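Residues per chain, in single letters:
4 protein chains.
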Amino acid sequence: MAGSTFGTHFKITTWGESHGRGIGVVVDGCPAGLPLEEEDIQTFLDRRKPGQSKFSTQRKEEDKVEILSGIFEGKTTGTPISLMVHNKDQHSRDYGDIASYYRPGHADYTFDMKYGFRDYRGGGRSSGRETIGRVASGAIARKILEQLGISFLTYTRSIGPVTTSITPEKLLQSDYRETSQGILSNPLYMPEESSCHKAQEYLETCMAQKNSAGGIIECIIMGVPAGIGDPVFEKLDANLAKAIFSIGAVKGFEIGDGFASAVSTGSENNDPFKMDHGKITPASNHAGGILGGISNGAPIIFRAAIKPTPSIAATQNTVNKQGEEIQISIHGRHDPIIVPRAVVVVESMAALTILDLMMEHMGSRAASLEQFYRYHN
Amino acid sequence: MAGSTFGTHFKITTWGESHGRGIGVVVDGCPAGLPLEEEDIQTFLDRRKPGQSKFSTQRKEEDKVEILSGIFEGKTTGTPISLMVHNKDQHSRDYGDIASYYRPGHADYTFDMKYGFRDYRGGGRSSGRETIGRVASGAIARKILEQLGISFLTYTRSIGPVTTSITPEKLLQSDYRETSQGILSNPLYMPEESSCHKAQEYLETCMAQKNSAGGIIECIIMGVPAGIGDPVFEKLDANLAKAIFSIGAVKGFEIGDGFASAVSTGSENNDPFKMDHGKITPASNHAGGILGGISNGAPIIFRAAIKPTPSIAATQNTVNKQGEEIQISIHGRHDPIIVPRAVVVVESMAALTILDLMMEHMGSRAASLEQFYRYHN
Amino acid sequence: MAGSTFGTHFKITTWGESHGRGIGVVVDGCPAGLPLEEEDIQTFLDRRKPGQSKFSTQRKEEDKVEILSGIFEGKTTGTPISLMVHNKDQHSRDYGDIASYYRPGHADYTFDMKYGFRDYRGGGRSSGRETIGRVASGAIARKILEQLGISFLTYTRSIGPVTTSITPEKLLQSDYRETSQGILSNPLYMPEESSCHKAQEYLETCMAQKNSAGGIIECIIMGVPAGIGDPVFEKLDANLAKAIFSIGAVKGFEIGDGFASAVSTGSENNDPFKMDHGKITPASNHAGGILGGISNGAPIIFRAAIKPTPSIAATQNTVNKQGEEIQISIHGRHDPIIVPRAVVVVESMAALTILDLMMEHMGSRAASLEQFYRYHN
Amino acid sequence: MAGSTFGTHFKITTWGESHGRGIGVVVDGCPAGLPLEEEDIQTFLDRRKPGQSKFSTQRKEEDKVEILSGIFEGKTTGTPISLMVHNKDQHSRDYGDIASYYRPGHADYTFDMKYGFRDYRGGGRSSGRETIGRVASGAIARKILEQLGISFLTYTRSIGPVTTSITPEKLLQSDYRETSQGILSNPLYMPEESSCHKAQEYLETCMAQKNSAGGIIECIIMGVPAGIGDPVFEKLDANLAKAIFSIGAVKGFEIGDGFASAVSTGSENNDPFKMDHGKITPASNHAGGILGGISNGAPIIFRAAIKPTPSIAATQNTVNKQGEEIQISIHGRHDPIIVPRAVVVVESMAALTILDLMMEHMGSRAASLEQFYRYHN
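The listed protein sequences correspond, in order, to chains L, A, E and Y. At position 208 of the first sequence the residue is numbered 209 (the working numbering), and the sequence of numbers has no breaks. At position 354 of the second sequence the residue is numbered 355 (the working numbering), and the sequence of numbers has no breaks. At position 237 of the third sequence the residue is numbered 238 (the working numbering), and the sequence of numbers has no breaks. At position 21 of the fourth sequence the residue is numbered 22 (the working numbering), and the sequence of numbers has no breaks.
Just chain L, with the same shape it has in the complex (with noise of 0.2 Å):
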């Protein structure tokens, strides 16, 4: 099944596993004239780099990325972007028994029962390792998008039980550049210190007993002029669904006030219009910034759920390809949560689906169509 490509005008395609030679992306259908060199990539894939903290796998890889096409003094050309990360200790690796039986929580079943057998090695095509391609064309996007005006926050929202108490709306309120500089100096990405602390000492505890945990990341997207996304089947919303729960380990995935909305009443609900320096907007944010699959020029809010690292170091029980049950007890350098790490990969698949739906939208009306050939011709 041919899915590793994501977009339809902006459209990438991933490739590439754990332990392969490498992993790369192939960015089509990008703007021509965008200035853009490596740096402006490895500065998004930095954010998703392993050992930064004692929380995240002390597997060292250095990920630099490599412009391998599309680039003409120092612009892009219109035509595809080649970006590939060289896998560092590609052959080093003894992998064990991992090959003989199903991890819990893995894809190593699913995959045998897809395709007949598996690449094992550290997850092959299913490791995260495979977000790399995400992140690096994200940044393309996401410079693409600053240049429209719009911008994101995204962060850990509450790791296991700990639940930082700083609201998007809070954070619309403060400044951009120092809550974005904020976010991005905290190990866990968590905004508020104290349940900073406080999550640590939970990923402490899930550490000593050889555990792991989830949690929940929130991404606010500022800038979307209105009128984004389609009422059927193209909803924002929808692609946005599916580009979040595209990244593995996501569970959930809810928007403006999401399953809260679901206890709520009409009244309190509805968000009302009114008029802001003569502009209309929308009065709250319960939508989180979209109305019938339609951007409302509002911020949109959405928020992810991350299941818990499946590699754990306790017991548990499984089977072998040979049909036994057994017993096992996963070791290595594994993250014991991947929520920091995840964070800037929520960022990119958003960003990626912000700016496809922006350029489908620019021929919605025969008046823009004229327009632009008037203009161009």
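The set of hints was computed from the structure by calculation and includes no laboratory data. All values derive from a computational prediction rather than experimental measurement. One thing to keep in mind: the hints can contain errors.
Just so you know, same-sequence chains aren't split out, so a pair can sit in one copy or run between any two.
Below 25 Å or equal to it, Euclidean Cα-Cα: the simulated DSS-like pairs (lysine-lysine) are [claimed, not checked]: (1) 89 x 76; (2) 144 x 65; (3) 275 x 89; (4) 65 x 89; (5) 275 x 171; (6) 199 x 76; (7) 322 x 89; (8) 275 x 211; (9) 322 x 275; (10) 211 x 65; (11) 280 x 171; (12) 65 x 275; (13) 50 x 144; (14) 65 x 76; (15) 65 x 50; (16) 199 x 144.
Chains A, E and Y: place on chain L using the hints.
Relative to chain L, chains A, E and Y alone:
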């Protein structure tokens, strides 16, 4: 934007507005040789018909489906199946001021921002009537899936704060036919009578307060073989998320333990594998039947959060097209809750998604391809 | 296989068989705000109507189009436009032995091989009536293109051995409106009266011999701006080739000098650039308006070869479903030539292709994207 | 525009420019379990390698392919196969004035019109080197097709005015392996020695005159089962037409009798069916193996017209970016004819098309779907 097509292999394209000539869907890619008649489809459409309880709109909508193409001698021919439901009272209504202002919680404003104007009659294209095409085509998908041994249980999990105490586990232990009929014979499609009564009381209070309610729909899909879905962007859960989120009013989607898994730990959340009658089977089902984006053979279980109906009789603030702040109160025959009527829509979108990915799956292995062509040539 | 959808942005999905309830098309992605009424479409459908000369079938097909959705207050809303033509005499006919044998040159055998059986009435889905949906949607594309300054001249270049001596160059020098009307007022849509007379004589001979004829259709597209199309798989000419080859009976497609360029040399075949009123322009047009898959601003010129109508009254050898070799003679009201009726189909497919790629083109440059969003936000 | 992806099931995405870091392709959707090594691909790449005769460029291009992902223990895993060829002398060259003017017959001007600027080094993305990705992925498609019993004969039919007198019928009667090797051992890939000599003489004259030549490539595909392709927009011939026309320099495409069928009559052009060893078979093959867009089991035969190489040393008129009319003469190591090197490109695109549609075909009948799932579950 061409956003009214869903699916790649079993591809549907819907059309029609609330108060136009009718609502329809073209189903393209339906395998040839399936016995199909209008009654197969009508049964499903009747499940979304309004006016069956006092909690749904008292509008009279007959919604008789007509098959316009694609059937010959009682069987599908493999060419497009065009289905249509005529709108009955499309000319009768006075729309009052609805054209001039933006209803909170509706897509009025976002349509104007996207397209420059809108068909304001009854919500136009973003009316709930748009789902007729989904259900009609979903009925065909359901019929095919049935022949492959795949069945569905879809029901109202909660209405406002009232949640049924019956778990998916319990439903899965019961007799399928009986459970299924029990759910269908209930006006709220909520299993368990006592919860259902409480939900009805809650809805009556809402109505008395000119207010509306939301709720949660749960869907269990049994019999999906292991191996369906793709490990990267076309994950089975990602496709389900998009499909379900493309239904108006959905604000959240979760699979298996969903958001609860974010506060769980690895040792709790992982589903150990065991042998069951010689077959590898997950011993629990926190994952909801999907691992790494691919089905693992366990029942697929997901939930969708539905927001309260935005059309309420209580007074609301909003603005009109002239940018004046006004107060409105929406009268008319609106559902105080859409959850029960949305149950069959959720099931239909799930069926369309599963079938499409199953058709895609056929080419996953070189050996299957060879076997197919050796047999068919 | 879901093969009844064409286009990405201006996406059409056709449905219907020769003798079913009707023939239709859903146009999705039509920009909002275009004035559109049934008459705009009917004009084009009338160009493919049979019975206008003795060289087309004498069947009576009124083919009145109905707009079922997507228009509000006389303008497109940006949502799907559903168009339908009812089949008139779908019940009246006796199909005789047609169900039991395979007509040479028809798709009877290949349908059976693909689907296991077929709707044999009047050719079913592979009837020429399938093109109604193409022409109806092509009429909308043509209307949009007209507003962008793009016009078409499509005509019969040859019938059997009779070729018009008028060249595209000459047609381009003439007054467009006059030429266009001259072609339309001619029963064979062949410019130049003397060739037309010879062609009629040739056709009369064919008919007398219970035989049929083929021919070549030429299409000139004026006003397409330079820059449309893509340099690799989505070349403008590649898309035109597919669009035209998707019309039944087309056996060849060439652009510019086409097959003649294979015997030319570089110095003859290259079109030098020159300055024309301050604009870079090709001095000749061997390329037919496309270089490297992208329009160069010159008129786009292509030709399609149409095979002789396969339904002939002369005796033919074939086999029946039982595998017996038999002789047949096809009676009924068949066109001795379909070329004139196919002219508007070729033009429609070309219009759909050009419009789709023009909409795609809007996102080609970062600067245009910025300009669009700065203006629209 | 995201136009560098081809195929739906067996989906390829190519990237890279003539003088960038390299050229590559990502093959997504390749069925799992196919034995594959670099040598399988290299064999095909070597067929397009320049420098094998004096009639192709004397540039030295080693074009060694590397498999970067998707293979484990010598077999495809079902996940993306990333292939790359490094460009050798990407830094060495002086491009002189090529950046400042528009070469006739090249895509220089159209790139500038589309993207605002271009990577002018060696043609950038529209270089013939772009076809490396097509051939590398085509090699994999060919290997799968071989296992399904499908084989190809692709060769130079004509060069300039010199046409081989050997017909497809004759080639089909000969021993496949011998014929195939005979073609490959010939520097022009033209069957029949005497024509080949004449063609060489013709090319020498062209070169002496600083000119270039075009020609026609013919492709015969044997063993495609009846039933492949779709009756409407996704006709097998329409897909072949697009695939072949997406190759640079192709100006015409025809199937079976092609343009000759336009001057034929129904009784000549129809292929009667007969019984052949108990199997229904067309008695002749004017149709080229396709009826109504669907394969009929006979060999598929098509031809592509290739224009003369536009880079010629003779003086040509053109304009520069400043809009001044100038004279140029293109020097460098250019092929006086690209036809022989394009033979394997045509075959590759045909293989990719056939395989993709064969995979699509698997879901055509309800009975096959059931059989597949009953067997696999």
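For each hint, the structure was consulted:
{"no.": "1", "hint": "89 x 76", "in the structure": "between (29 Å within a copy, 23 Å between copies)"}
{"no.": "2", "hint": "144 x 65", "in the structure": "within (19 Å within a copy, 35 Å between copies)"}
{"no.": "3", "hint": "275 x 89", "in the structure": "neither (55 Å within a copy, 36 Å between copies)"}
{"no.": "4", "hint": "65 x 89", "in the structure": "both (10 Å within a copy, 22 Å between copies)"}
{"no.": "5", "hint": "275 x 171", "in the structure": "within (20 Å within a copy, 48 Å between copies)"}
{"no.": "6", "hint": "199 x 76", "in the structure": "neither (45 Å within a copy, 48 Å between copies)"}
{"no.": "7", "hint": "322 x 89", "in the structure": "neither (30 Å within a copy, 46 Å between copies)"}
{"no.": "8", "hint": "275 x 211", "in the structure": "between (53 Å within a copy, 22 Å between copies)"}
{"no.": "9", "hint": "322 x 275", "in the structure": "between (62 Å within a copy, 12 Å between copies)"}
{"no.": "10", "hint": "211 x 65", "in the structure": "neither (32 Å within a copy, 47 Å between copies)"}
{"no.": "11", "hint": "280 x 171", "in the structure": "within (22 Å within a copy, 52 Å between copies)"}
{"no.": "12", "hint": "65 x 275", "in the structure": "neither (48 Å within a copy, 41 Å between copies)"}
{"no.": "13", "hint": "50 x 144", "in the structure": "within (20 Å within a copy, 39 Å between copies)"}
{"no.": "14", "hint": "65 x 76", "in the structure": "within (20 Å within a copy, 28 Å between copies)"}
{"no.": "15", "hint": "65 x 50", "in the structure": "within (10 Å within a copy, 32 Å between copies)"}
{"no.": "16", "hint": "199 x 144", "in the structure": "neither (34 Å within a copy, 52 Å between copies)"}
In summary, the structure is inconsistent with hints 3, 6, 7, 10, 12 and 16 from the numbered list given earlier, while agreeing with the others.
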